[in-house]
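Could you put together the complete structure from these sequences and hints?
Number of protein chains: 2
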Amino acid sequence: MDDTKSNQPLKGIFIGDFIHCRSLDDLEFLVDTAVCVDEKGWIVMVEREVSDQIKAKKILLPRLSWKEDEVIFKVACKGQFFFPGFIAPTDTHIHAPQYPNVGLFGKTSLLSWLENYTFPSEASLKDLDTARKVYTRCIQRSLSNGTTTAAYFATIDVSATNLLADICFANSQRAFIGRCCMDSAVNPITYRDASYETCLADTRATIDHIASIDPTNSLIMPIITPRFAPSCSTEAMNSLSFLQKETNLPVQTHISENRDEIALVKRLFPQHTTYAEIYDEHGLLCEKTILAHAVHLTEAEADLIKIRNCKISHCPISNSALGSGEARVRWLLKKGLEVGLGTDVSGGYSISILEAAKHALLVSRHVAMSGDEEAKLSVAEVLYLATRGGAKVVGLEKVGTFEVGMSWDSQLVGLATVGEDGAAPTWEDGKVDIFGWEGIEARLEKWLFNGDDRNTLAVWVQGRLVHSREG
Amino acid sequence: MDDTKSNQPLKGIFIGDFIHCRSLDDLEFLVDTAVCVDEKGWIVMVEREVSDQIKAKKILLPRLSWKEDEVIFKVACKGQFFFPGFIAPTDTHIHAPQYPNVGLFGKTSLLSWLENYTFPSEASLKDLDTARKVYTRCIQRSLSNGTTTAAYFATIDVSATNLLADICFANSQRAFIGRCCMDSAVNPITYRDASYETCLADTRATIDHIASIDPTNSLIMPIITPRFAPSCSTEAMNSLSFLQKETNLPVQTHISENRDEIALVKRLFPQHTTYAEIYDEHGLLCEKTILAHAVHLTEAEADLIKIRNCKISHCPISNSALGSGEARVRWLLKKGLEVGLGTDVSGGYSISILEAAKHALLVSRHVAMSGDEEAKLSVAEVLYLATRGGAKVVGLEKVGTFEVGMSWDSQLVGLATVGEDGAAPTWEDGKVDIFGWEGIEARLEKWLFNGDDRNTLAVWVQGRLVHSREG
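Protein chains in written order, with the working numbering: chain F, 4 to 474; chain H, 4 to 474.
Don't take every hint at face value.
Treat identical chains as interchangeable: a pair holds within one or across any two.
Unchecked claim - Below are the DSBU-like pairs computed for lysine-lysine, each with C-alpha atoms no more than 35 Å apart in a straight line:
(1) Lys77 <-> Lys248
(2) Lys337 <-> Lys81
(3) Lys77 <-> Lys58
(4) Lys61 <-> Lys337
(5) Lys379 <-> Lys291
(6) Lys337 <-> Lys379
(7) Lys61 <-> Lys379
(8) Lys129 <-> Lys81
(9) Lys269 <-> Lys291
(10) Lys129 <-> Lys338
If you're looking for bench data, these hints aren't it; they were derived computationally from the structure.
As structure tokens, then:
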């Protein structure tokens with residue numbers, strides 16, 4: 004483990020129950036297992052039937068040629084389990100500057116919400132003291148909810164966006180940082196890029212800043228971020244596409260969230276047949292492109308997106324809260340598309356990917372109510388989207404499962420047991436009540452439906468402890 | 004206030020901001036107000052422009068002819084507010100014995116869920132030690148989430164149902180206790196009433212028990228509970244109807260939750276045209292009848308229910324989680340029906356009515372997605388359903404608002420403010436982040452969307468403190 008920022012020892016052996024999703028329908032329970040993590044945060048050994056520290060010391064240390072005093076041991080208590088950190092592709096779409104507005108949208112839908120809540124809030128972050136306060140809160144909340152990687156839509160302001168990158172780096176969250184590109188007349192006169200040239204130059208400025216703080220992109224990576232088609236001029240989209248080809252950086256944008264938005268797109272781009280085609284003809288659909296929402300895609304659009312091998316960020320909470328529509332995730336998965344989960348803060352009201360996973364399950368049941376029984380997503384499936392599925396969406400191959408060669412991006416989950424008198428646990432222990440007869444699968448389900456940040460006892464990114472309820 | 008169970012003083016003056024819903028579209032903010040509560044727990048004075056204890060002592064005590072040493076003062080801190088306790092009709096429909104199963108339903112829908120999860124769990128509560136543990140936990144969780152009144156579906160077992168009444172009474176939760184009546188062959192052979200005669204006798208036994216522990220029904224009231232039509236013989240329904248006329252007690256049952264259930268009802272009662280008509284022809288639809296779910300009612304059924312003046316318990320979380328369908332609440336309200344909110348534990352996975360209110364808003368947006376824009380329920384409307392609307396559903400006229408003559412059934416809500424460095428608040432303070440620029444309406448919205456039991460700092464029923472995070 005990296006000890007440059009803390010006094011943690013160099014290596015770690017984690018012992019207990021582990022749960023991870025190796026593929027959409029392959030949820031694996033590794034009971035009484037030890038996961039060994041080297042000083043760089045990589046998993047080097049996964050050994051079954053190791054239930055305590057004595058056994059781990061006796062069997063594993065010799066095989067690894069590790070000395071006892073260079074290893075920290077973390078043994079999960081009964082009822083606890085390790086789960087992969089919710090990872091970048093699982094939080095592909097979080098608008099950090101809108102964090103103060105979570106839970107505020109009244110009766111608005113997408114376009115009026117942008118005008119009334121979002122743009123004013125984003126513009127206010129030009130003030131760096133405000134930005135520091137909001138971004139720090141947002142990132143610490145995100146980490147404390149088990150999100151080890153996030154892809155952020157920032158604002159148009161270079162300094163504030165660079166500050167977001169600095170704060171992610173300082174807090175050791177793995178992050179994709181996107182300065183919002185938005186130069187068209189659709190945007191408020193007080194909150195838009197002056198021209199496509201300044202849009203491009205400002206995007207490069209953030210890319211350069213990130214290169215200066217994290218030259219190897221060990222944690223922080225820039226992401227090219229045309230806000231959405233209506234916000235961008237043709238010239239801006241074309242030049243961002245060239246920038247992508249030059250840098251090979253990922254791209255994130257929105258697509259087909261809401262019917263009014265689609266109507267606006269049709270009015271603004273009358274020469275294009277579909278929303279997806281607009282991005283495609285501007286060279287913005289590539290295998291590194293993350294498309295958020297994708298609620299109302301046509302068959303042809305989904306096929307085009309699959310051909311270009313773009314990735315999808317499903318944002319179920321904002322689907323419901325803004326009343327945008329219900330993304331047909333099963334349909335997207337059947338086409339072979341990779342799907343992850345986004346919080347879409349503040350279109351979504353929660354910064355928790357666990358909450359997003361629960362709502363992915365619920366929204367899928369609303370899709371099923373329209374007649375497609377197969378649309379229902381299972382507990383295993385939504386947790387896959389929240390971890391390994393998300394990793395594929397943001398193009399990180401080394402996070403999301405507990406396998407040799409993967410990074411130790413992980414969280415320790417604790418669920419409290421009800422006392423014989425029924426009095427415990429208290430509010431401090433969270434909302435989940437374990438009665439004692441639940442197996443590990445039932446514990447996982449209970450966590451999905453009633454778990455919150457109280458159950459996330461500790462979080463690690465690349466082997467480093469980045470959040471702990473123990474303080 | 005009642006001091007028989009604690010050392011609380013006799014009278015109370017509560018000072019701070021108060022929010023309540025006087026009608027569906029009348030959300031009132033009483034800022035800097037004092038609410039005075041007498042020794043029986045009744046509100047006797049509501050006075051605006053009283054912001055501190057000194058002023059309250061000077062102005063209010065003389066007018067009330069109260070002495071200072073017989074009054075306890077509770078002054079809410081900045082950012083806190085008082086809100087009516089979530090009340091019976093707001094939690095009209097909670098299956099206490101299923102509490103251990105919250106969050107467990109896998110891929111099931113209603114009928115398979117009953118068979119796989121619910122009936123076995125209910126049957127196990129025949130063991131009174133298990134029942135005590137589960138019910139104690141359920142009620143304490145319910146109180147700690149601000150629910151001051153709940154209507155419970157218990158089990159068929161008389162002793163366990165009586166124990167539930169005892170535990171509610173001991174914990175001072177206002178409660179309607181219903182022994183489940185279920186004598187038909189649809190029920191498992193191991194978990195059904197032996198005959199309609201024993202069904203009736205056992206129901207009377209619970210009524211008698213409640214009369215022995217709370218003769219004036221100060222807190223606890225029996226409720227006649229035919230589980231749902233398929234569970235009951237014609238004779239059972241008829242005799243429960245006679246019992247209702249004899250006792251004038253309220254009735255609770257389920258109606259039209261799920262399409263498979265409706266098909267089953269059609270098969271079992273071929274001589275009746277609709278589900279509602281079955282209850283009506285057995286004399287079970289009266290103004291004291293609470294019908295849970297009402298998702299797939301026909302126009303004619305809703306009209307019949309309105310003519311009989313029955314009440315509706317909307318259970319939005321189970322609508323989504325079991326994939327039953329989306330109740331059209333706006334349509335019910337437009338017909339003039341009274342609607343409250345139920346948790347439907349464990350068909351719903353959360354015991355929190357605040358969570359149910361949020362999901363009522365979300366489910367209404369899914370209804371709106373089908374084309375009826377008017378279906379959307381606002382923040383004010385779902386909080387009305389959770390308080391005053393619910394009170395009307397269970398027939399309690401003296402709870403749900405802060406008005407003279409009402410009971411002090413209340414909760415104190417606290418929302419933490421983000422520090423200048425963005426670091427605070429911690430997990431202990433809950434999920435809501437207040438940045439300082441939010442007015443009272445924004446604070447209320449943020450509470451609805453991200454609040455949980457951590458924000459419910461204290462709860463009172465009939466003037467008595469029944470839950471406090473301060474311990």
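Here's how the hints hold up against the structure:
1. When the C-alpha separation of Lys77 and Lys248 is checked against a cutoff of 35 Å, the pair qualifies neither within a copy, at 44 Å, nor between copies, at 64 Å.
2. Neither within a single protomer nor between protomers do Lys337 and Lys81 lie at most 35 Å apart by alpha-carbon distance, with minima of 38 Å and 52 Å respectively.
3. Taking the closest pair of Cα atoms, Lys77 and Lys58 come within 35 Å of each other only inside a single copy of the chain (13 Å); across copies the shortest separation is 56 Å, beyond that limit.
4. In this assembly of identical chains, the alpha carbons of Lys61 and Lys337 never lie at most 35 Å apart, being 47 Å within a copy and 72 Å across copies at closest.
5. In this assembly of identical chains, the alpha carbons of Lys379 and Lys291 lie at most 35 Å apart only when taken from the same copy (28 Å versus 37 Å across copies).
6. Both within a single protomer and between protomers do Lys337 and Lys379 lie at most 35 Å apart by alpha-carbon distance, with minima of 13 Å and 32 Å respectively.
7. With identical chains, the CA atoms of Lys61 and Lys379 are never at most 35 Å apart, being 46 Å at best within one copy and 62 Å at best between copies.
8. Taking CA atoms no more than 35 Å apart as the test, Lys129 paired with Lys81 passes between copies only; the shortest distance there is 28 Å, against 48 Å inside one copy.
9. Taking identical chains as interchangeable, the C-alpha atoms of Lys269 and Lys291 lie at most 35 Å apart only when both belong to the same chain, with a minimum of 25 Å there against 54 Å between chains.
10. In this homomeric assembly, Lys129 and Lys338 never come within 35 Å of each other (Cα to Cα): the closest approach is 41 Å inside a single copy and 50 Å across copies.
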